[in-house]
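Protein chains: 6
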Amino acid sequence: MERIDGRRPDQLRPVEIIPGINRFAEGSCLIRCGNTHVLCTASVEDRTPPHVPEGEGWVTAEYSMLPRANRERSKRDIAKLKLSPRSAEIQRLIGRALRAVVDRKALGERSITVDCDVLQGDGGTRTASVTGGFVALALACRKLMEEGVLEQMPLRGYVAAVSAGIVGDTPLLDLCYEEDSSAQVDLNCVMDGSGRLIEIQGTGEGRPFTIEEQRALVDLCGKGIQELQKLQADIVGVL
Amino acid sequence: MERIDGRRPDQLRPVEIIPGINRFAEGSCLIRCGNTHVLCTASVEDRTPPHVPEGEGWVTAEYSMLPRANRERSKRDIAKLKLSPRSAEIQRLIGRALRAVVDRKALGERSITVDCDVLQGDGGTRTASVTGGFVALALACRKLMEEGVLEQMPLRGYVAAVSAGIVGDTPLLDLCYEEDSSAQVDLNCVMDGSGRLIEIQGTGEGRPFTIEEQRALVDLCGKGIQELQKLQADIVGVL
Amino acid sequence: MERIDGRRPDQLRPVEIIPGINRFAEGSCLIRCGNTHVLCTASVEDRTPPHVPEGEGWVTAEYSMLPRANRERSKRDIAKLKLSPRSAEIQRLIGRALRAVVDRKALGERSITVDCDVLQGDGGTRTASVTGGFVALALACRKLMEEGVLEQMPLRGYVAAVSAGIVGDTPLLDLCYEEDSSAQVDLNCVMDGSGRLIEIQGTGEGRPFTIEEQRALVDLCGKGIQELQKLQADIVGVL
Amino acid sequence: MERIDGRRPDQLRPVEIIPGINRFAEGSCLIRCGNTHVLCTASVEDRTPPHVPEGEGWVTAEYSMLPRANRERSKRDIAKLKLSPRSAEIQRLIGRALRAVVDRKALGERSITVDCDVLQGDGGTRTASVTGGFVALALACRKLMEEGVLEQMPLRGYVAAVSAGIVGDTPLLDLCYEEDSSAQVDLNCVMDGSGRLIEIQGTGEGRPFTIEEQRALVDLCGKGIQELQKLQADIVGVL
Amino acid sequence: MERIDGRRPDQLRPVEIIPGINRFAEGSCLIRCGNTHVLCTASVEDRTPPHVPEGEGWVTAEYSMLPRANRERSKRDIAKLKLSPRSAEIQRLIGRALRAVVDRKALGERSITVDCDVLQGDGGTRTASVTGGFVALALACRKLMEEGVLEQMPLRGYVAAVSAGIVGDTPLLDLCYEEDSSAQVDLNCVMDGSGRLIEIQGTGEGRPFTIEEQRALVDLCGKGIQELQKLQADIVGVL
Amino acid sequence: MERIDGRRPDQLRPVEIIPGINRFAEGSCLIRCGNTHVLCTASVEDRTPPHVPEGEGWVTAEYSMLPRANRERSKRDIAKLKLSPRSAEIQRLIGRALRAVVDRKALGERSITVDCDVLQGDGGTRTASVTGGFVALALACRKLMEEGVLEQMPLRGYVAAVSAGIVGDTPLLDLCYEEDSSAQVDLNCVMDGSGRLIEIQGTGEGRPFTIEEQRALVDLCGKGIQELQKLQADIVGVL
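Residue numbers (UniProt numbering), protein chains in the order written: chain A, 1 to 239; chain B, 1 to 239; chain C, 1 to 239; chain D, 1 to 239; chain E, 1 to 239; chain F, 1 to 239.
It is possible that part of the hints are untrue.
Because identical chains cannot be distinguished in the list, a pair is counted as satisfied if it fits within a single copy or across any two copies.
With a Cα cut of at most 30 angstroms, we get these calculated DSSO-like pairs of lysine-lysine [said to hold, decoys possible]:
1) Lys75 with Lys105
2) Lys82 with Lys143
3) Lys105 with Lys143
4) Lys223 with Lys82
5) Lys143 with Lys75
Derived from the structure by calculation, the hints contain no laboratory data.
Source: prediction; values computed, not measured.
The following block holds chain A by itself, in its conformation from the complex (with noise of 0.2 angstroms):
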């Protein structure tokens, strides 16, 4: 089967990470997996939420989509007066995704806040915004270190997302929107640096799918996710 834009079913979008794109927030950066563009900050506050132990930090996500970062423009949130359950669910998705390589003492009794604005969206918006969040945030505890306020790293290591899915039977990674649209089957993976999973989400939205397809679609996934630690060690050195 031939990909709509040509690629091999195991190959990914191009992917650029530009970090530093704004210049107010601690740490931040816009990822582009093809057509999908995510600005990603990450904001440090020296407070925590009431649920936090004391003597340890947190962190946590928000994600949003512009209004025309789709092909039809949609109502912002606050028009709804809801936060889209869409959002709820992915913003929860990212921010366990970055919570579990956070050494939540050793951040101490600060929290940081990882916005994930979708400027432009093609599909795996999720994904890339756990990528391009893990750098923001990565950055930020870089630049706490270089103040002096954090002595070590707070990171255990790599976060990064994909997705792959099942189109016309065939197992494919990295989605884009016009192939998720057709998707029989949509899974996302995070894995940290050593291939381990962190999170998996996988919905048969076609069909039911076996549990060997099911695996198939993780391997593709660990596949990717290798390729992008790669473009985030780049930018966040070691760890």
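Model the placement of chains B, C, D, E and F on the given structure of chain A, informed by the hints.
Just chains B, C, D, E and F now, kept in the frame of chain A:
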């Protein structure tokens, strides 16, 4: 490792599904998985939301916890003027899971809303909601057939769900709240009547997990779901 | 006039109060008045709202109907982003009724929230909520005494409530939904253990009513409330 | 017992109703009951809400207090993003009271919204709103008749309301704020032009009350309402 | 060009300011500019919002229209769950205008909220709110001085506002609603007691306007504001 | 007085307008005025809001800041459940400014929403939004003409905006954030292609200002706007 309630690692909690618990709903049941109790009702309406193509039907779900379903009382959503993000995420999952077996054309231009209200929660409320929600949905469909509104069953098969997790490095089926609180990994599966996956969601809450661990958890879920579907069949009959 | 369910004009529907229905709440019951089923829980918290004087406690109530409690499914409050005005009115009534017998100083600096969630509604949900809510409250107070948190019972007596109405110019006790729908007058009474009024609310929905009719309805309520308080006493004991 | 403002127990505060206070509303008045001042407007619209049967009209009410109507400034509802539960309860009462004398078929397919905005509140704002709201409503109906829109008056009679209460064990008519603050019992009556009850609401705020006390309060209200209806008649004329 | 109400181009509508209209507010007035009637109250509280530096006070304003202030009834903000954007804009203007003459240190750590509620609107409600709001604010400050709470007047001078506009290419002072509806240009000025600008807002609603036209409108406003400040001085006295 | 970035008093910051930044929007640009970066998209829809007369079109604007556009992170509007009043005010200004040059009949029964999302803010975001928003709008109109949807350009001319202010008693063009923070007076102008005013908004934030000062600021704005319109013309061409 001894489980807190003496179960074997691959053993479900006692499950009970009481059909017809609500005299007004077209389909309903109370599902009890151990101390997790969820009231599920399926409500039929003769109209569909705007995004549904002409000639087709729609199935959606809503999920909520009563304020004192848990050890601590929580505020109602309306007191905070926002749907709990956790509820938003869960009701999207339930809706996707149920729609996976719905023949929308056979359902015709009507919608069925499956409400899952947790009366008491002790872990596994989202998977109990899928399993009980399916029963309520199937009973409502049966009723539509008995009334001559539908000629054929608009469900293509069974759907049930269960969780598994890793506690103290041991994979366990169907975590109760106390196990869930200390789980390193938590994974939910929704499967159809042939043991194929409809949805998989796994999170490394305490630590990342290997692909082998992920597979072991899916296998545990598969075993539990088979047992749950036998209970469903006793009530719903052959589809 | 024959009543729809064959009751005498001054006869209550069959009433059942099942205590301890929720394993987490400090006090709880399920009250069934005919086909009206309300789950009542009492939750104790060690703080009081700002308007409560130092050294005193507070009791408040929340009331809600599950979406399919009625013949037609209703939208949840959160979907409309506003508390149903009817619920707002009813929960203020329940709170006032319960506080009428609370010794706030004896309760000490804690608050008890009584949640009344209607699982199924067939008329008289607000009065069933008062009657069942009192049982949940009293059981929570008993528990605080048994745990040694309180030295004396902070309740000065019983509270129960019932409705009466005029249907076809005949005064009837404890209207079910169908009677209520065609009632000319609807009146609710909350009374203490001595048959004194704590609250009276009457509305001429179909026509104005005379002072004599109003008195007859209060007398009917008084009779019903005496019976309800016997049921309460069986569970709660002497105060 | 001497009343704070020297009134007899069965004496109303000085009442003044100024019709036509708003040049745009189809009907309007400013009602002053002592220091309680409520601006009432009746607005006619040529459409009815969805629940109203074809061929019939609708009358509804909204109630609100200006932020500095009281001794302390209150936040506006919109600042808290919720309608005050007290306002919700009161505007439901006003609407029911007015609808009790409306001939919905004679009104035809139009709706009248009666807005009661409390400019200054010193007790009895809900009953003043009913009494003043009726005048605004009646003036609007008169205008529709004068304009030839309606052929007959769609009101079947007068409606007025007043409160009574027990202070220091003495029943008093028309409590002002200071009396209301220390009242043991507070009771409101809405009555028609023949002294029949349309609505009764009584609360034992400080203590339960006997059926005899309840009757005495209703009698006091009946006396006050007769006087109020004379004032209404001076403005509105014979219906 | 003949004006609709026969005024000269540079003539204000009849203006009346009635002080002390609300018995509870620390300062209040009813301002009537033609058929535009605004009730202004100033409420003092002994605390300041978080952004105010220690040792300083704060003055803010809220603006709202009663639902039937206009020719057509509008829904209340709370019914739409959002502050009208127009009200948001206007109350920010009123607040800025009043703060321009407040000596925040002299005011001390207290805040004054000026509520401007439009009882009837016929054009120029925002400028009437500034003019009347200043009177309410000044009266509240006077009261604080009389009570010995403040030693010196925390106001540095007068503030008043008026609109001017271009209708049929003719500059006119103080547009009423009908003039405003057909105005090509609408411009509001807020000025201090020396005729200096505190705020200017002009919009070419029907067409762009030249800098010369803009100057002519400001001159008209200056003339009107001088007259308004004489009325203010009669009530407020020398500052 | 030396400006913080060495500019002359009448010198704009470096301005860059990058058209076509979003591949989905009918028109779009990224405008950079110094460190202020605003993403502007124009979205066409084939329907108009209810208040628009038949046969005419509508242009509206929405304005928002990303949470970390500023030195401090701000909460999103949806987290506070209310549109920021500042955003409400600004988007009304942008909408009015753009509509001033729209021929609504030539646009036909369609609406164009111009979204201005501030990626980074360093003063002058509202005027940059007008200037960039116009480019997005004009590009969308060009596209409608190229596609044959429109026969003539529905824009009557250019619109651009800039701010000027008084800092240390010196009038300066195009204030950056630091200048704005210490400005005594802040004034924004929107002008058409002939240098006529479409909108003027000036505030004496630190002190009142004379009519002469107001004129000097308008003159500065006029000079800056001429330069901005040259940049617009390079992209949009002759209208």
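Results of checking the hints against the structure:
1. Taking CA atoms no more than 30 angstroms apart as the test, Lys75 paired with Lys105 passes between copies only; the shortest distance there is 25 angstroms, against 40 angstroms inside one copy.
2. Taking the closest pair of Cα atoms, Lys82 and Lys143 never come within 30 angstroms of each other, the shortest separation being 34 angstroms inside a single copy and 33 angstroms across copies.
3. In this assembly of identical chains, Lys105 and Lys143 lie within 30 angstroms of each other by CA distance solely inside one copy; the values are 18 angstroms within and 39 angstroms between copies.
4. With identical chains, the CA atoms of Lys223 and Lys82 are never at most 30 angstroms apart, being 37 angstroms at best within one copy and 39 angstroms at best between copies.
5. For a Cα distance limit of 30 angstroms, the shortest separation of Lys143 from Lys75 across copies, 23 angstroms, qualifies, whereas the shortest one inside one copy, 36 angstroms, does not.
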